[in-house]
Amino acid sequence: MYTLQEEPIDLSGAFAGTGPESGATLVFAGTVRDDGMDLLDLETDPDEAERELGRIVGEAEERWDLTGIRIVHRFGPMKVGEVIVLIIVSAAHRENAYEASRFLIDEIKHRVPIWKKEISGERTSWVPGAGE
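Residue numbers (our numbering): 31 to 162.
Calculated directly from the structure, the hints in this document are not laboratory data. Treat the hints with care, since some could be wrong.
To be verified - Calculated lysine-lysine pairs in the DSSO-like style (CA-CA distance at most 27 Å, straight line):
(1) K146 - K109
(2) K109 - K139
(3) K147 - K109
Said to hold, decoys possible - Pair ranges (Cβ atoms, derived):
(4) A122 - T154: 45 to 51 Å
(5) R81 - K147: 33 to 39 Å
(6) E112 - G49: 27 to 33 Å
(7) P107 - R81: 35 to 41 Å
(8) K147 - A122: 36 to 42 Å
(9) D95 - D64: 36 to 42 Å
(10) E89 - I149: 30 to 36 Å
(11) K147 - R124: 33 to 39 Å
(12) E92 - G66: 39 to 45 Å
Where a beta carbon is used, it is the ideal one built from N, C-alpha and C, also for glycine.
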């Protein structure tokens, strides 16, 4: 499952959907760090971003024996400390979960069309790069 949303990410259900076949569940939460800005505003084309997320998830499922993947990525304005992206990977064995989790965040940052704009008072600046 993968989604894009403007609402804050609810971490309370992070382990929902992991079954008895899962021996490892990894949770990665990428957050807005304090780089001296007031807000981080993420812009995207939701349809294209979801298509690319689907391709990335499919590639991970082909490469590793996984029992579950869940990705939630935000867009819109966010404050320091808020979760930008949540990636949950379950597998029978931890090696697959670790490798797939790293692959997913790296590919999301590189391939998903999401653009960052830092806002500080009246000043705005775009951050180079394609992802979170």
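Each hint tested on the structure:
no.	hint	verdict
1	K146 - K109	holds, 13 Å
2	K109 - K139	holds, 19 Å
3	K147 - K109	holds, 12 Å
4	A122 - T154: 45 to 51 Å	holds, 46 Å
5	R81 - K147: 33 to 39 Å	violated, 23 Å
6	E112 - G49: 27 to 33 Å	holds, 30 Å
7	P107 - R81: 35 to 41 Å	violated, 24 Å
8	K147 - A122: 36 to 42 Å	holds, 41 Å
9	D95 - D64: 36 to 42 Å	holds, 38 Å
10	E89 - I149: 30 to 36 Å	holds, 34 Å
11	K147 - R124: 33 to 39 Å	holds, 37 Å
12	E92 - G66: 39 to 45 Å	holds, 41 Å
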